[in-house]
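Numbering (the UniProt record's numbering), first residue to last: 1 to 380.
Where hints are given, some of them may not hold.
[Stated by the list, open to error] Pairs of lysine-lysine residues, derived as DSS-like cross-links and limited to a Cα-Cα distance of at most 25 Å, are as follows: (1) K132 / K200; (2) K87 / K12; (3) K196 / K18; (4) K225 / K200; (5) K132 / K231; (6) K18 / K87; (7) K357 / K319.
Worth flagging that the hints you see were computed from the coordinates, not collected in a lab. Predicted model only: the values in this text are computed from it and were never measured.
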Amino acid sequence: MLLPEIKYEGQKQLQNSKVLIIGAGGIGSPAAYYLSGMGVGEIGIIDHDNVEESNLHRQIIHNKDRIGINKALSAKMTIERFNQRIKINAYQYQLTPQNAQELFKYYDVILDASDNPKTRYLVNDAAIINNKILISGSAIGWEGQLTVFGHNNGPCYRCLFPQCPKAGSVKSCGDAGVIGMIPGVIGLIEAIECMKIIIKATDNKVLSQRMLIFDGYEGTYKVFKVRGKQKSCIACGENPSIQNVQDFNYDEFVGSSCTVNIPQKSELFQDITWNNFIQINQKQQTQAKFIDVRPQGQFDIVNLKLFNSIPYTDMPDIKEEDYDEIFGKKDQPVYIMCRRGNNSKLACEFLYKKGYKCLYNIVGGINEYGKQFDSQIPFI
1 MLLPEIKYEG QKQLQNSKVL IIGAGGIGSP AAYYLSGMGV GEIGIIDHDN VEESNLHRQI
61 IHNKDRIGIN KALSAKMTIE RFNQRIKINA YQYQLTPQNA QELFKYYDVI LDASDNPKTR
121 YLVNDAAIIN NKILISGSAI GWEGQLTVFG HNNGPCYRCL FPQCPKAGSV KSCGDAGVIG
181 MIPGVIGLIE AIECMKIIIK ATDNKVLSQR MLIFDGYEGT YKVFKVRGKQ KSCIACGENP
241 SIQNVQDFNY DEFVGSSCTV NIPQKSELFQ DITWNNFIQI NQKQQTQAKF IDVRPQGQFD
301 IVNLKLFNSI PYTDMPDIKE EDYDEIFGKK DQPVYIMCRR GNNSKLACEF LYKKGYKCLY
361 NIVGGINEYG KQFDSQIPFI
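Turn these sequences into a full structure, and let the hints guide you.
Quick look at the structure:
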């Protein structure tokens with residue numbers, strides 16, 4: 001309040017403001033923490049996930065006692081312990097086209113701390129339709145980036161990224177990993193940008209039409225100018241085709257280029273638990289193949305000796321003549337594991353299309369094995 005840019009008037013603006021944070025993870029946690037400390041009058045947090053132990057190194061708003069509790073609720077509990085003067089709304093459900101537009105109406109500024117393309121496009125569109133300023137940040141590995149959308153006739157997310165990257169071209173934190181402090185830094189900068197917007201800082205002080213790139217390994221902060229609002233943008237252009245997010249098929253838009261649909265219950269392969277796998281393995285099925293499709297870096301950190309490392313992302317590059325040596329004959333059993341049981345399903349589907357008929361997906365991957373049989377295995 002003593003700062004000349006804020007003063008008493010700025011503090012009152014913070015007190016009267018309402019901010020919605022999408023995601024209570026590595027970016028959303030510090031953003032929520034510090035905005036509440038600054039005295040933002042009302043904060044909404046939406047997240048349908050529950051706290052896991054593997055989250056705690058970077059999602060600092062949660063703790064070990066909250067494992068299994070919804071993240072939005074956990075964040076609310078933490079904030080209310082040190083600032084009971086503000087209002088916290090915990091939305092313990094997933095953001096969807098059916099609820100996004102109505103939810104956004106209530107808030108002044110939106111902070112996107114999500115971690116998947118579908119949500120990012122949905123958040124952008126709902127913010128544009130409601131004429132809300134959107135602060136968007138992301139982090140992976142040693143790097144993070146941040147920009148502000150929809151500020152003073154600036155561009156939106158679709159202006160910069162009208163199409164999703166192709167499947168496999170962009171890694172997630174789960175695949176590539178992230179240094180815990182990187183999303184923390186991005187979350188703090190999101191909070192700073194939010195505060196500047198609320199107190200109506202001059203236009204050139206807000207990261208609109210500029211993108212900040214932070215490299216923690218090199219120790220550099222760089223700000224690049226990005227292209228402005230696009231007349232042809234389907235969200236904010238001269239003739240936007242997206243008038244209501246409920247009328248736009250995000251699954252089709254994102255699924256066509258960004259992501260791969262993970263098969264659920266399937267006739268292409270059989271799900272098998274670790275208990276059943278161990279029982280079968282005790283019978284010494286020497287003809288079976290055991291494949292770990294996690295990225296090589298994860299395999300190097302922790303692995304089960306029985307399994308060979310064949311990263312899922314490398315499978316399309318394997319030559320047909322090498323299949324028998326790597327995966328066995330097409331009628332032999334192939335047991336596939338990954339980190340949590342998602343990429344192993346995709347690997348089963350991939351091999352089925354190559355003619356393999358005896359495929360087993362190990363449910364829960366190595367994380368589930370660690371929970372059941374070896375507490376020393378790190379959650380990665």
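Here's how the hints hold up against the structure:
For the proposed pair K132 and K200, the alpha carbon gap of about 14 Å is at most 25 Å, so the pair holds. A threshold of 25 Å between alpha carbons decides the hint, and for K87 with K12 the separation of about 15 Å falls inside it, so the pair holds. In summary, the hint linking K196 to K18 is supported, as the alpha carbons are separated by about 14 Å, within the 25 Å threshold. Restraint check for K225 and K200: the C-alpha separation of about 21 Å stays at or below 25 Å, so the hint holds.
Pair hint K132 plus K231 holds up; C-alpha atoms about 19 Å apart against a cutoff of 25 Å. Between K18 and K87, the direct Cα distance comes to roughly 9 Å. Compliance with the 25 Å bound is thereby established for this hinted pair. Restraint check for K357 and K319: the C-alpha separation of about 19 Å stays at or below 25 Å, so the hint holds.
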